[in-house]
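Going down the list, the protein sequences come from chains A and B. Take the first sequence: its position 254, counted from the start at 1, is 253 in numbering that gives the first Met the number 0, and no numbers get skipped. Take the second sequence: its position 123, counted from the start at 1, is 122 in numbering that gives the first Met the number 0, and no numbers get skipped.
Just so you know, the hints here were simulated from the structure itself, not pulled from any lab data. The reader is advised that the hints may include incorrect statements.
Intra- or inter-copy, both count: the list cannot distinguish identical chains.
Pairs of lysine-lysine residues, derived as DSBU-like cross-links and limited to a Cα-Cα distance of at most 30 Å, are as follows [to be verified]: (1) 55 to 167; (2) 31 to 167; (3) 266 to 10; (4) 55 to 266; (5) 278 to 144; (6) 330 to 10; (7) 31 to 294.
There are 2 protein chains.
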Amino acid sequence: MTDTQRSVVLKRRPTGEPAPEHFEIIENAVPKPGAGQVLTRTIWLSIDPYMRGRLKDVQSYSPPVQIGEVMTGETIGEVIASADPGFVAGDIVRGSRGWQSHSISPAANLMKLDRHAAPLSAHLGVLGMPGTTAYSGMKDIGQPKAGETVVISAASGAVGSVAGQIAKRAGARVVGVAGGPDKCLWVQESLGFDACIDHRVGNLDAALRDECPNGIDVYFENVGGALQHAVFAQLNPFARVVMCGMVAQYNETDMPPGPNLGFVVGKRVRIEGLIVSDKPERFAEWRALASPWVKEGSLHYRETVLPGLENAPEALAGLLRGDNFGKMLVKVGADPA
Amino acid sequence: MTDTQRSVVLKRRPTGEPAPEHFEIIENAVPKPGAGQVLTRTIWLSIDPYMRGRLKDVQSYSPPVQIGEVMTGETIGEVIASADPGFVAGDIVRGSRGWQSHSISPAANLMKLDRHAAPLSAHLGVLGMPGTTAYSGMKDIGQPKAGETVVISAASGAVGSVAGQIAKRAGARVVGVAGGPDKCLWVQESLGFDACIDHRVGNLDAALRDECPNGIDVYFENVGGALQHAVFAQLNPFARVVMCGMVAQYNETDMPPGPNLGFVVGKRVRIEGLIVSDKPERFAEWRALASPWVKEGSLHYRETVLPGLENAPEALAGLLRGDNFGKMLVKVGADPA
Numbered sequence: 000m001t002d003t004q005r006s007v008v009l010k011r012r013p014t015g016e017p018a019p020e021h022f023e024i025i026e027n028a029v030p031k032p033g034a035g036q037v038l039t040r041t042i043w044l045s046i047d048p049y050m051r052g053r054l055k056d057v058q059s060y061s062p063p064v065q066i067g068e069v070m071t072g073e074t075i076g077e078v079i080a081s082a083d084p085g086f087v088a089g090d091i092v093r094g095s096r097g098w099q100s101h102s103i104s105p106a107a108n109l110m111k112l113d114r115h116a117a118p119l120s121a122h123l124g125v126l127g128m129p130g131t132t133a134y135s136g137m138k139d140i141g142q143p144k145a146g147e148t149v150v151i152s153a154a155s156g157a158v159g160s161v162a163g164q165i166a167k168r169a170g171a172r173v174v175g176v177a178g179g180p181d182k183c184l185w186v187q188e189s190l191g192f193d194a195c196i197d198h199r200v201g202n203l204d205a206a207l208r209d210e211c212p213n214g215i216d217v218y219f220e221n222v223g224g225a226l227q228h229a230v231f232a233q234l235n236p237f238a239r240v241v242m243c244g245m246v247a248q249y250n251e252t253d254m255p256p257g258p259n260l261g262f263v264v265g266k267r268v269r270i271e272g273l274i275v276s277d278k279p280e281r282f283a284e285w286r287a288l289a290s291p292w293v294k295e296g297s298l299h300y301r302e303t304v305l306p307g308l309e310n311a312p313e314a315l316a317g318l319l320r321g322d323n324f325g326k327m328l329v330k331v332g333a334d335p336a
Numbered sequence: 000m001t002d003t004q005r006s007v008v009l010k011r012r013p014t015g016e017p018a019p020e021h022f023e024i025i026e027n028a029v030p031k032p033g034a035g036q037v038l039t040r041t042i043w044l045s046i047d048p049y050m051r052g053r054l055k056d057v058q059s060y061s062p063p064v065q066i067g068e069v070m071t072g073e074t075i076g077e078v079i080a081s082a083d084p085g086f087v088a089g090d091i092v093r094g095s096r097g098w099q100s101h102s103i104s105p106a107a108n109l110m111k112l113d114r115h116a117a118p119l120s121a122h123l124g125v126l127g128m129p130g131t132t133a134y135s136g137m138k139d140i141g142q143p144k145a146g147e148t149v150v151i152s153a154a155s156g157a158v159g160s161v162a163g164q165i166a167k168r169a170g171a172r173v174v175g176v177a178g179g180p181d182k183c184l185w186v187q188e189s190l191g192f193d194a195c196i197d198h199r200v201g202n203l204d205a206a207l208r209d210e211c212p213n214g215i216d217v218y219f220e221n222v223g224g225a226l227q228h229a230v231f232a233q234l235n236p237f238a239r240v241v242m243c244g245m246v247a248q249y250n251e252t253d254m255p256p257g258p259n260l261g262f263v264v265g266k267r268v269r270i271e272g273l274i275v276s277d278k279p280e281r282f283a284e285w286r287a288l289a290s291p292w293v294k295e296g297s298l299h300y301r302e303t304v305l306p307g308l309e310n311a312p313e314a315l316a317g318l319l320r321g322d323n324f325g326k327m328l329v330k331v332g333a334d335p336a
């Protein structure tokens, strides 16, 4: 155990792609927990698309990270000292402890994990925020039915991969869209989607028509851009669009125009935004539902891991470029003994 | 009673603004009703924005009118001969009997009206399809709450005028948008909206900011175009957009781009299309609710009437240009004795 707390703080705001130069690593003595607080060391740091929004100086659904502040992020950590009766050294916890090697948290902000229930990192991906986002998106907005056609963008990503598997379990025809043949192969072969379109190859409109001969009933939107235009043009009456993200434009400064919305009237389409924290009960629901599937190996996921806290900025930049294959993670500290 | 049935049929499809040359009046002997049928003469013909869609050779939620077919439309008529036990000569009925002076209908397609409950034309406007559209849009999608801010486009129109009055009754701040000072004055003074913005004057963004200092919670969309962009930029978290129509582009052949939809995610906005016939129970609900308000004079409406069936094409063209002030109607035949 080191005596130094390393933290990645925001140095200046990126205008386009975020890069290491926009961040700074600062070092402090590891702090001691006060009453009701817990000191943890970080094992896993989750890297997620929403983080790009926190780098902008605009209030969205959460306030932006300020210059000089530790960058926010969900983590898995191990308790090394506790001044709260609910935790003891050695406990494994999930929390929003940011991009740092050690952190002090109020006990109420930590959730104890069963370290044998699933690989620890799964609590940041398939069983964590991204998995719950997919679950809430499908349960609260998408509501796929047997025989319907569901299109999933960023289909190999942490959210898309789960969203599509949920739709398959509901009996829908599921068509993924991903970047490159390796991802598409995995989406079809391992996740069991009915088809996966490589958006880097050929004509999107034609590929969607081929793979969705009965039109599109549910679209799980993670990407935006040209794909959004193409999918919207093939939506069926009463289609639902889960607006989860538009990562294709997160680095843009000038927003491109969107699709003309005239079709929404005649087709009675529902387009709805989703922020997973609005329905906090979905986290426990999903964990209870999906943990057995992860254990038995019927719910599939993949991870891209960068080693070392100092690589967190590059991990975020890579995620926004689509370099990741599955959930993007930074391995900050050693596994627990 | 004349012996000639005059019918307006579609002659050729307009590409831009519809005009009399796209239609043709044909004359036939007045037909006789067969068993279970009713012959009516038309008193009032309703002219509505959706009719522009029926002139296009594309299947929307209803099939298009074919060349040589009688143009569709809702009417109020008087029964002049009946071969159905449910109707007798002199009954006043509402139905979708099209642009014609006389028509034969299956009895099941007609609804008998109490001629003393409200002015007959009100059954095509405030108490009919447009009023029910406003009601369903607010009940099923908009759901305005006390203290929220509601923006209504085409605020002096048949749908907008009712939508705004419903939102006022719910305790919301209601801001209309209309074209020209006369309409705006009426919307504020007679309908009781809190404000009305003349979209022909000044800067829409600034006017909306001035009149909606707490942002916009519900947008009732009848128009599209620049107003849609301006309103979308000022929507609040959890805003609802009732997509009822986009009349500004109904005569367009190339659809303009829409607003970038990135905001939908972070603000959890719900954008949903509305076709009133999807929930047929809303018609009777609204009639029961609103008839007393019309009778007591607390629900306000206005009409623009063009005389003569031959003016129906010009009435539709004028409606699409916004020439109407309130519900657009054609007076086809004399009032009942």
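Taking the hints in turn, this is what the structure says about them:
For the homomeric pair residue 55 and residue 167, neither the shortest alpha-carbon distance inside one copy (36 Å) nor that between copies (37 Å) is at most 30 Å. In this homomeric assembly, residue 31 and residue 167 never come within 30 Å of each other (Cα to Cα): the closest approach is 48 Å inside a single copy and 57 Å across copies. Proximity of residue 266 and residue 10 under a CA criterion of 30 Å is satisfied inter-copy only: 27 Å between copies versus 47 Å inside one chain copy. For the homomeric pair residue 55 and residue 266, the shortest alpha-carbon distance between copies (16 Å) is at most 30 Å, but the shortest distance inside one copy (35 Å) is not.
With identical chains, the CA atoms of residue 278 and residue 144 are at most 30 Å apart both within one copy (22 Å) and between copies (21 Å). Taking the closest pair of Cα atoms, residue 330 and residue 10 come within 30 Å of each other only inside a single copy of the chain (22 Å); across copies the shortest separation is 71 Å, beyond that limit. With identical chains, the CA atoms of residue 31 and residue 294 are never at most 30 Å apart, being 36 Å at best within one copy and 74 Å at best between copies.
When the structure is compared with the earlier hints, violations turn up for hints 1, 2, 7 and for no others.
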